[in-house]
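Residue numbers (the working numbering), protein chains in the order written: chain A, 1 to 488; chain B, 1 to 488.
It is possible that some hints are incorrect.
If chains are identical, the list can't say which one is meant, so a pair holds when it fits in one copy or spans any two.
Stated by the list, open to error - Here are the simulated lysine to aspartate or glutamate pairs, EDC-like style, with alpha carbons at most 16 Å apart:
hint: 1; residue 1: Lys479; residue 2: Glu463
hint: 2; residue 1: Lys126; residue 2: Glu30
hint: 3; residue 1: Lys479; residue 2: Glu437
hint: 4; residue 1: Lys105; residue 2: Glu148
These are computed hints drawn from the structure, not numbers from a lab.
Here is how the chains run, residue by residue.
2 protein chains.
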Amino acid sequence: MSKEKQFVKEITSRDEDSAQWYVDIVRKAELADYSPVRGSMVIRPHGYAIWEGMQAGLDRRIKETGHQNAYFPLFIPESLLNKEAEHVEGFAPEVAWVTQGGTEKLSERLAVRPTSEAIICAMYSKWIQSYRDLPVLINQWANVVRWEMVTRPFLRTTEFLWQEGHTAHRTGEEAQAEVLSMLEVYRDFVERDMAIPVIPGRKSEREKFAGAQATYSIEALMQDGKALQAGTTHNLAQHFAKVFDITYLDEDSQLKYVYQTSWGVSTRLVGALIMVHGDNRGLKLPPKIAPTQVVIVPIAPKKAREIVLAKAQELKGTLARVGLRVHLDDREEYSPGYKFNDWEMRGVPLRLEVGPRDLENHQALLVRRDTGEKIPLPLADLTTALPTLLEQIQEDMLKSAGDFLAVNSFAAATLEELAETIAEKRGFVYAWWCGGEECELAVKERTAATIRNLPLDQEGARERLHSKAKCVHCGKEAKEVAIFARAY
Amino acid sequence: MSKEKQFVKEITSRDEDSAQWYVDIVRKAELADYSPVRGSMVIRPHGYAIWEGMQAGLDRRIKETGHQNAYFPLFIPESLLNKEAEHVEGFAPEVAWVTQGGTEKLSERLAVRPTSEAIICAMYSKWIQSYRDLPVLINQWANVVRWEMVTRPFLRTTEFLWQEGHTAHRTGEEAQAEVLSMLEVYRDFVERDMAIPVIPGRKSEREKFAGAQATYSIEALMQDGKALQAGTTHNLAQHFAKVFDITYLDEDSQLKYVYQTSWGVSTRLVGALIMVHGDNRGLKLPPKIAPTQVVIVPIAPKKAREIVLAKAQELKGTLARVGLRVHLDDREEYSPGYKFNDWEMRGVPLRLEVGPRDLENHQALLVRRDTGEKIPLPLADLTTALPTLLEQIQEDMLKSAGDFLAVNSFAAATLEELAETIAEKRGFVYAWWCGGEECELAVKERTAATIRNLPLDQEGARERLHSKAKCVHCGKEAKEVAIFARAY
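Construct the complete structure from the given sequences, taking the supplied hints into account.
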């Protein structure tokens, strides 16, 4: 049995056990590892480099839309967290508490931030005085902690990394515009950089953020047919402003409460990357966020080694100079076959093989990670061909995930249909919903599917349904179409 | 009284009260603010943007020297922290403890990381098996918590941001080379990007990191004559490897302990920036890390406003296209004088004034923040002249800080001399030291000065001393020259 086969055999097949397949990729691609701290993971260099690539794309967009980064304290005094009633009710069950500092027993417990609304509102109350101070558009990259009972690397961990935006505005309209504009920033980032198609929509009352007036999300579909919430934005209205006393003197000399928003995405997205693009050979990374876009594997019998390596080195330099992220795997102790598998597992979009015969023919062999396609190319063309090829891969990966999403989107007119589809096919199921929480819960109980969101594109959603506007559960008149799915 | 004067008056003069001057700059330049959490500060957008500029310069160097970023858990189980005896003794008094997670009282307390050696060693023990796995060269950007009684923004806070490198090597020589090479990376970064000259050297036994075999530091001199430790690197030898059982199978089939290092710099450096470069008008930022390098202030009577603003907009675009970080202050509600002060306070290296007469003459007026020099320049020359001018400012700021360091470096042959110099002039005082802790303590008791480090450049240090190689305290034979100073 070849080394190659052995290597691949180590991953559980996705069809056999998709949960184990997921964990196998996380471990074998060295994205993350379990730690001695319950529920906390270590993000290993390869996983962290992917996160850095994601951060770069998102941070650029956040700044381009006028936001600035800042940093707020990790600890939140209990009394602050308790100020907004719904907020504390939502988060208290999962807070880690600091009760001792050095040798001193604290008189007031400190929450390790599960999210930063409370501490940020306390500051905004100080900073905001006049309408001239508005809008305040601040983002923070930080770690947060939520005490989870059941955890899975990236998807649900006690500690995770994220960005959280917190803005304050003069009017409710401005706040609502911000919430939708950031949702669009998330959609653009996740689709264009991560090649993951998503459905933007509004969350149901039941699923909204603790303390928000309305929550919006982008929802992605994993290859196992389960949904994953990929980002959320919250319209906080004046809920926090009123309890934290965030007021400004308006042009008309009236003291008014600000309107606020918050929004975030997290390292959870790395999990989406695995589950949307991965296969039985491992991870597949979209070129835009791949830490290494092209890996050069020299294939040389011993006597040709020196000359092939020299050429490979030269190629690496040439490609790096045109801005590609390129790595040369010149490890002597591993066979080319082992290396192929290793880099496929890590998801590098393009492999460039070069051997003595290739050099004679002034060419190299390119192998696409996404399709497996082998493309011989003249060496002289590489600097122009590879950037184009990488763009093509990026596009094709989005298209492929888009096709999957299309094929796995269904419609249901009755609870029976809905339940059958969820049981047999999973996927996104569009159905009319009356807006009642009892119906939402009844569907969940019957199907284990929840409302992912009420798509912003209601018109498009309606077109999928040939049925009348009647709630999928109670049959009463319905105004909106919801997407139901089982979810991570 | 003009608005300008009023604005400046709000900062305490440095000569009058340098501690208050420091805090005034932190607040007025909106670098940071106090928070409702004892000892924790909020890093405001301007302060955070400076930190991001510093991160970029340092992260690039860390990666160029072969290190990769990763992320380890915030929490460290007490039993792990307790493994290395010196380490726990050094850090236990300042640890914040999590004792409750959600509704559950924890059976084992979790330390909020004061530094990450313990948790990282636990992982390295898993990851490192063979000599082929070495070296491991990992860095982490993270928040850490040390329970401090007395705090000052940036300089000493309960929570701060930093990077911490943690490496494992096959031999002690390699580890020592890493420790010195990272010290050089820090020196290069702090001098070239932050324009702060530093002295690299070894810490005394007393001042070394808890658990290290040897600690190295770069020491900077603040304008008030006090020293600030700007970065440290630690040779951990096999201390942690032995208690965390980090072994590898060497080529000779022997199981051996690895040699380790760790190294870090923190947001403390923002404090150094203020205290090395600031003046009574506020902050002065070196161009390389300034979030805004050039601020354009249009100066226009009402009727010329439109035409001047249009030109200013155009200039902004032109300058941005050649890679400058440029901001146009087009606020209508503030006078030019107010804006001058505002941007001086925030430390922007260059101000570009443009008014109707300037436009007629096809020129603009440049004002340097570091020297106050006013330089009229033809508009057509700006794209070539400004990058050069910014480089010049960067150089001049380093030179100016270097001159200050030179003038405030002294030598002392006797304790009397040392005490007098410290009392009258502060600064760095070079003196022979026998290496005995009693002498170190005796000097501290008498002068409040501590040994900052034993400069790596002992030859240069010796040349400053005309006295014989006798310990400044006990008079016994001394082998090394130490730098004494009062310190932050």
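*Within, between, both or neither: Lys105, Glu148 at alpha-carbon 16 Å*: Between copies, since 14 Å is at most 16 Å while 26 Å is not.
*asked:* If the cut is 16 Å between Cα atoms, do Lys479 and Glu463 qualify within a copy, between copies, both or neither?
replied: For Lys479 and Glu463, only the intra-copy Cα distance (14 Å) is at most 16 Å; the inter-copy one is 86 Å.
*For Lys479 vs Glu437, is the C-alpha pair at or below 16 Å within one copy, between two copies, both, or neither?*
within (14 Å within a copy, 80 Å between copies)
*Up to 16 Å between alpha-carbons, please classify Lys126 paired with Glu30: within, between, both or neither.*
For Lys126 and Glu30, only the inter-copy Cα distance (13 Å) is at most 16 Å; the intra-copy one is 45 Å.
No hint from the list above goes unmet by this structure.
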